[in-house]
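Engineer: With the hints as a guide, bring both chains together as one complex.
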Amino acid sequence: MTTLTLPSRREEAWRWSKLDALRALADQPHGTALIADDHFIGLGGPRLVFVDGVLDADRSTPGRVRVEPLDLATDHPLGKQATGPGWRLTLDTDQATDPIEIVHIATGGANHLPARITLGEDAAATIVETYVGAGWSNRLTQITLARSARLMRSVRMLQSSGFISHRDEAQVGEGASLVSIFLGAGGMDCRVDGALHCTGAAAYAEMGGALLTQGEQNQEAAVSLRHDALDGQSHQTWRAVAKDRSTASLAARVEVARGAQKTDGEQSLRGLLLDRTSTINLKPELEIFADDVKCAHGATVGELDRTALFYLTSRGIAPARAKALLTRAFVADALSRIGTEAVRDAFTADADRWLERAL
Amino acid sequence: MATRNAEALAAANKKYEWGFSTELEQEFAPKGLSEDTVRFISAKKGEPEWMLDWRLKAYRMWEGMTAPDWAKLNVPPIDYQDAYYYAEPKKKPTLKSLDELDPEIKRTYEKLGIPIEEQKVLAGVEGARKVAVDAVFDSVSVATTFRKELEEAGVIFLSISEAIKQHPALVRKWLGKVVPQRDNYFATLNSAVFSDGTFVYVPEGVRCPMELSTYFRINAENTGQFERTLIVADKGAYVSYLEGCTAPMRDENQLHAAVVELVALDDAEIKYSTVQNWYPGDENGKGGIYNFVTKRALCQGKNSKVSWTQVETGSAITWKYPSCVLSGENSVGEFYSVAVTNNRQQADTGTKMIHLGKNSRSTIVSKGISAGASDNTYRGLVRVGPTAENVRNFTQCDSLLLGDQCGAHTVPYIEVRNPSAQIEHEATTSKISDDQLFYAMSRGLDSEAAVALIVNGFAKEVLQQLPMEFAVEAQKLLGISLEGSVG
Chain A
1 MTTLTLPSRR
11 EEAWRWSKLD
21 ALRALADQPH
31 GTALIADDHF
41 IGLGGPRLVF
51 VDGVLDADRS
61 TPGRVRVEPL
71 DLATDHPLGK
81 QATGPGWRLT
91 LDTDQATDPI
101 EIVHIATGGA
111 NHLPARITLG
121 EDAAATIVET
131 YVGAGWSNRL
141 TQITLARSAR
151 LMRSVRMLQS
161 SGFISHRDEA
171 QVGEGASLVS
181 IFLGAGGMDC
191 RVDGALHCTG
201 AAAYAEMGGA
211 LLTQGEQNQE
221 AAVSLRHDAL
231 DGQSHQTWRA
241 VAKDRSTASL
251 AARVEVARGA
261 QKTDGEQSLR
271 GLLLDRTSTI
281 NLKPELEIFA
291 DDVKCAHGAT
301 VGELDRTALF
311 YLTSRGIAPA
321 RAKALLTRAF
331 VADALSRIGT
341 EAVRDAFTAD
351 ADRWLERAL
Chain B
360 MATRNAEALA
370 AANKKYEWGF
380 STELEQEFAP
390 KGLSEDTVRF
400 ISAKKGEPEW
410 MLDWRLKAYR
420 MWEGMTAPDW
430 AKLNVPPIDY
440 QDAYYYAEPK
450 KKPTLKSLDE
460 LDPEIKRTYE
470 KLGIPIEEQK
480 VLAGVEGARK
490 VAVDAVFDSV
500 SVATTFRKEL
510 EEAGVIFLSI
520 SEAIKQHPAL
530 VRKWLGKVVP
540 QRDNYFATLN
550 SAVFSDGTFV
560 YVPEGVRCPM
570 ELSTYFRINA
580 ENTGQFERTL
590 IVADKGAYVS
600 YLEGCTAPMR
610 DENQLHAAVV
620 ELVALDDAEI
630 KYSTVQNWYP
640 GDENGKGGIY
650 NFVTKRALCQ
660 GKNSKVSWTQ
670 VETGSAITWK
680 YPSCVLSGEN
690 SVGEFYSVAV
700 TNNRQQADTG
710 TKMIHLGKNS
720 RSTIVSKGIS
730 AGASDNTYRG
740 LVRVGPTAEN
750 VRNFTQCDSL
760 LLGDQCGAHT
770 VPYIEVRNPS
780 AQIEHEATTS
790 KISDDQLFYA
800 MSRGLDSEAA
810 VALIVNGFAK
820 EVLQQLPMEF
830 AVEAQKLLGI
840 SLEGSVG
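Chains as they are written, first to last, in our numbering: chain A, 1 to 359; chain B, 360 to 846.
Source of the hints: derived by calculation from the structure; they are not laboratory data.
Built from N, CA and C at the ideal position, the CB exists for glycine as well.
Any given hint might turn out to be false.
What the hints assert, rightly or not - Pair ranges (Cβ atoms, derived):
# : chain 1 : residue 1 : chain 2 : residue 2 : range
1 : B       : 412       : A       : 73        : 19 to 27 Å
2 : A       : 294       : B       : 513       : 53 to 61 Å
3 : B       : 512       : A       : 6         : 52 to 60 Å
4 : A       : 277       : B       : 536       : 28 to 36 Å
So here's chain B without its partners, still in its complex pose (with noise of 0.2 Å):
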C-alpha cells in the first residue's frame, strides 16, 4: 500500500534518528482511518483472507456507530480521522546512561524500588538487556527456559499476529465469541484495526507453571493502541496473567481501545491481575492517556471460574469495565479493583457480572479514591436471568475522598429475574479521618507516608488478591499516586 498524502510521505521519508532503519519500518498507513487501512494493516501482519473479512465487517459497523456518553467522563472530541493507524512500532529515543533519564522519572523508579537493570530497560538505555523484566519475578528466568517450560507444558503463548497464522483455526474459533464486533463503539473500532496483542491457549488439565505476563513476551513492546488479548483455559486448566507495569509509562498514543476476551471451560480458572499507571497528563490535565478498555470474560463450563484484579492509577480518563458472563453452572465471577484518581483524572470504571448459570455467584469488591480535581466513577451492573436458579452475589463498594475538589461516584445496576437469588450491595463513601492521620503521624510518619498506610489499609482487600511481586509495588503505586494531594 502505497503512502498516499504529503505527511505520510514525509514521515516515511523521513530518516530514522536513531539510525536504525529497515524497509519496513518506513511503511506507515495513510493517515486516517479507511477500508484503505484495514487492508493494509491486515496486509502487513500477512493476515489470511478470513482474518481481513472479520476485521472489515468490523470497520464497517464502527462507520455505523456513535460514541458512548453514557459515562460520567468528560471526553474531548476525538479525530479518528487525525491519527495513523499502523506505524511500526516507534522506538523510544535511546538514552545513552540513566543520567539522561527525566530526574522525575527516575525519583518514581527508585521510590518504586526497580532494580537498576531493569529502570535502564524501561527507561530505554543503550546496550540494556532485552529480556531484563523477568529480573523482577525470577531473576534466573531467561526466555530460552521458559518457552521450553510453557512447550513441555502445551501451553500456546503468543503474540496474537503469530497465533493467526500458528493456530489459525482455535484464534478463529474464539475470537469476537466474548466480545462481539458490534459489542460497543471501542469495540468495534479495535476489532477493525488491532494492531497486536497476546494470544494464551493452556490445554486440557494443565496448570500453567508460571504467571504469564507481557512483560516476558520479548515482542510485547509497543503493541500499539489497539491491543487485542484473547486467553482461552480449556476443560480444568489454570492460568494467571499478568498485564501491565507499575513503572509509568509514557506513550504518545493517546487513544488506548484494547480488547480482552477470556474464556473458561469446565473446571478451569483464569485470574487476571492488571496495574495499569498509562501517563495521566499533567496537574492542568494536559496531555495524558485515554484508555477506553473492553474486558470480559466467559465463564462457560461448568465450574469455572474467572477472577479480574486491577489496579488502575494512571490514564487521563479510564473507561472500562472487566465482566464476567456466567453461563456456566456452578460459575464463580471474581472483580478486584482498586481505581486511584489524583489531579483531572477522570475515571469510570466498574463491573458487570452476568449470572446465567445455576448456583453462579460472583464477589466484587471496589475501592476508589479520589484525590486532586479528580472524578472517580464505579459502575456496574448485577444481572440474575431467569433459569439462574440459587446465584449469590455480593458488592462492596467504598470511596475514600482525600481532598474536597473531588468527586466519588457509585451507579450500580441491580435486575433480577430469579427469586432464589440473593445479592447485596453495599456501599460506602468516607475521608481520612485527622485521628486517623494524627495517630499515624505521633508515631513519627510524615503526611504523606500516612496516607499511603490508610490507603493501603483500604485497598487491603483487594491488593491481597494480587500476585505477591505485583502487590508490593502496587502498594508503593498508591502513595506515589497520591503524592501531593494532602498536606
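Isolated chain A (complex conformation) (with noise of 0.2 Å):
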C-alpha cells in the first residue's frame, strides 16, 4: 500500500476537496495506452506524447522542449508528488516557437510529471495540453516569465475517469503576460490549483477556464493570484455547470501586496445547475493592502434564465435546443479567452459535447 499523505476537508483550502480515491489510484497498476492522434488539434508545431508521465518518443517530435530530471521545490501537497523526469521548455530573448502540442495519456493508477517552463524577454510560446485516459494525472508546472514575454496556456481535461490534480505555481515579470485556460469535460474528478504571482510592473496575468461536472464528479479550481508590482492586471473568468449528484466548487483569489498600486484585478465566476441535486460552491476572495486599487469581483448562481429560454421557444426553437444554446453561451465566456482561433475551437467542440450528452 502506498503511504500517501493528502490535505485534510478540514484544512480550509481543500474544504470542498473530494481526494479519497488518489489512495486507491495510486497503488493500481497502469494499463494499455490509447492512440494519441485523435487528440491533437493540429496546429503544425512540435508534438509530444506521454504515457503515464512518461515520454513516448518514436509519436512525439519534441521540437524546443526537453525531457529530463527536473527538481522542482514547491509546498504544494500534490505538486510536490510530482518529481523525477519531467518536461521543459526555455526560451531566451525575442524567440518563439510554434504551438507545442502535449497530449497526456493514464491508463489507470498514478503518474506524476513535472514541468519547467522559461521565458527569456519578449520572447512568446503557445502550449495546448490534453488529457485522455484513466487513473490520477498529477502535474507540477513551474512558470517564469521574463520582461514582456507571453504565454498562452490552453488544458483541456478530458480524462473518462480517475483524476487530474494540477499545480501551477508562476513568476509573471514587468509586462509579461500569462494566460491560461482550463477546461474540464470529461468523467474525471480534477484539483486546478494556481499561485500566479506578478512580479513585475505592469504584469499581466490570467486564469480561468470551464468546468462541467455530472455523476457522481467533484472538480474544483483554486487560484490564488498575487500582485506585488505596480500597474499590474488580473482576470479570473470561471464557469460551472453541474448536473446529477455532481459538485464544481470555484475559488480564486487576488492578493494585492502593499504598494502594487494601480493594480486592476477582475473576478468573475458564476455557476449553473441542471440539477437539484447537484452542488456548485463559489468562494471569489480579495485580500488587499493598496489604496489605489480597482479589485472587483461578481459572483453567481442560478438556473438557467427563464426568460431567455422563454424567448428562444416562441421563437420557434425546441426547448432543449433552447438550452443547450444558453448553456454553450454560459461556457463560451471562460474560452473565448483563448487566443488560437484552432484551439478556441477545439476546446468549444469539447465542451459542446459535453453539453449534448449532458443535456
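Structural biologist: Printed below as a string of C-alpha cells:
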C-alpha cells in the first residue's frame, strides 16, 4: 500500500475537495495506452505524447521541449509528489516557437510529471495540453516569464475517469503576459490549483476556464493570484456547470501586496446548476493591502434565465435546443479568452459534446 | 465557595476603595477556569440544577476544544487560566464632577453630542441619575413607565439570571437551541461561564411598544465579559432591540465572548441593531478589547424575518458573524454592516445566511472601512440547501481604504445545492479619490470633515437601517473613529 499524505477537508483550502480516491488509484497498475493522434488539434508545431508521465519518443516531435530530470521545489501537497524527469521549455530573448501540443495519456494507476517553462525577454509561446485516459494524472508546472514575455496555455481535461491534479506556479515579470485556460469536460474528478505571482510592473495574468460535471464528479479550481508590483492587471473568469449529483467548486483569490498600486484585478465566477441534486460552491476572495487599486468581483449561481428560455422557444426553437444554446453561451465566456482560433474551436467543440450528452 | 489562592484572597480582603462594600462583593471565584468555577458561578446566581448541568456539559466540551485560527486575525495567545470568571460587577471610580474626566474622552462625548446629564452617567460622576441614559431616546420615560408599558403588552424583558428563575420553562426551551453548546470555542466557553445578559420574550401577536435597549435595563451595567442574550419573538410578534452604545466604553476585561440567540416564529420579526465602540487600544495596538461574539438567528416560522444591523468601530480584535438560519418558508434574513478599523485594529466580520426554507430571501450589505495600519475582513457564507426552492440572495460588500498601510479583504463563500436559487455577489474596493476630497474641501470643509462626509455617504445604505437616534450618533462616530487617518 502506498503511504500518501493528503490534505484533509478540515483545512480551509481543501474544504470542498474529494481526494479519497487517490490512495486507491496510487496502488493500481498501469494499463494499455490509447491512440494519441485523435487528440492533437493539428497546429503544425511540436508534438509530445506522454504515456503515464513518460515521453513516448516514437510518437513525439518535441522541438525545443526537452525531457530531463527536474528538481522543482514546492510546498504544495499534491504538486510535491510530481518528482523525477519532466519536460522543460526554455526560450531565450525574442525567441518564439510554433504552438506546442502535448497529449497526456493515462492508462490507470497514478502518474506524476513536473514541467518547467522559462521564457526570456519578449519571448512568446503557445502550449496546448490534453488529458485522456483513466487514472490519476498529477502535474506540477512552474513558469517564469521575463520582461514582456508572453505565454498562452490551454489545458483540456478529457479523461474518462480518474483524477487530474494540476498545480501551476508562475512568476510573471514586467510587462509579461500569462494566460491559462482550463476546460474540464471529461468523466474524471479534478483539482486545478494555481499560484500566480505578478512580480514585475504592468504584468498581466489570467487564469480561468470552465468545469463541467455530471454523475458523481467533483471538480474544483483553487487559484490565488498575487500582485506585487505597480500597474498589474489580472482576470479570473470561471464558469461551472453541474448536473446529477456532481459538485463543481471555484475558489479564486486576488492578493494585492502593499505598494502594488494601480492594480486592476477582476474576478467573475458563475455557476449553473442543472439538477437539484448538484452542488456549486464559489469563493471569490480579495486580499488587498494597497489603497489605489481597482478590484472587483462578481459571483452568481442559479439556473438558466427563464425569460431567455421563453424568448428562444417563442421563436420556434425547441426547449432542449434553447437550453443547450444558452448553456453554451454561458460556458463560452470562459473559453473566449483562448487566443488561437483553432484551439478555441477545439475546446468549444469539446464543451459542446459534453453539453449534448448532458442536456 | 471559599477562595482558593493567595491572589484571590488578597483581592477579596481588599477594602473596597470607594467605601461601598457588601458581603456579596467580597466573594470572587478562584482565579482560572475549572468545574468548580462553573459551579461557583451557578451557585452565586442561585440557578436550578438543570442550568448547572447545562453549564458543566459545556465546560467539559470546551476542555476538549482548540481555539479557532482560520480567521484572518493575529490573536496573541490567551491564557484562560489567568483570569477571574466571576467577580461582582466592578464599580467604576466615581468622579466628583465631569471636570475630573479624561479630557480625551470628554472631547469625544462632546463631539458625539451626548447631553451633559448622560455624560455624567457614562463617566460615573457621583450623584448622576441611574436611569438617565433613556434621555437619548425619550426624556420623559423613566424605568417605571416603560416597565409598566411592557408588562401591559405581555413582553418579558429581564436579565437572563432573573429569567432563569422566573420563567425557567421558557428559557430552558430556547437556550442553546440556536447556538448549541458545542457550536464553537468561544460560544462553548460562554455557555459554561456566562455571567449575565438579556432575555426578551414577545408573546404572540404583540408588537413591542418600544425599542428595547440594554440602556433601559437598570442592571445591564457591567454585565461582564460573557454576556448571553436570548430573544424569542412568538407568532406575529415584532421587536426591535438596540445593543451597545456610541460612547467610548473602557473596560478592564480584555476578552469578551458573548452569545446572542434570536428566535422568530411564524410571521414574527426581530430587528437587532448594534453599535459597538469598545476600547480599541492605543495607536500602537497596545491594550484593547478582544470581541469574539457568536450571534445567530433562527427564522423558524413561515414569513419570519430577522434583520441584523451593526456599526462596528471599536475593539482591538473583532471576530463576529451575525447569522440567520432561514428554515421557515418565505423567511427573510438581512445583514447590514459598517465595520471601521483604524490604527492597529483587526476585524474579521460578516454573516452566514443558511437557506433551508422555500422562498427564503436574504440581503447582505457590508461596508468595510480600513485606515491606519488596520486589517478589515468581510467573511460570509451563503448556503442553499437542496430542498430550499426559489431562494434569493443578494450580497454587496464594498471596501474603502484610507491610506496605504491598511488592508481590506473579502472572503465570501457561496454553496448552492438547488438550481432554482438566484445568488448574486458583488464586491468592490476603492479609496477616497482626490477629486472627491478636493471638491468637498473647496466647499469649505476641512479634511477630516470631508472624509467623514464621504465615508458617511459610503455607508449610507447601512446607516439608514438604524433607528433614527442611533443613526445620528453612528454618523458622528464614523467621523471620530477615522480621526487622524488622513491629511
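Engineer: Does the structure break any of the earlier hints, and which numbers would those be?
Structural biologist: 1
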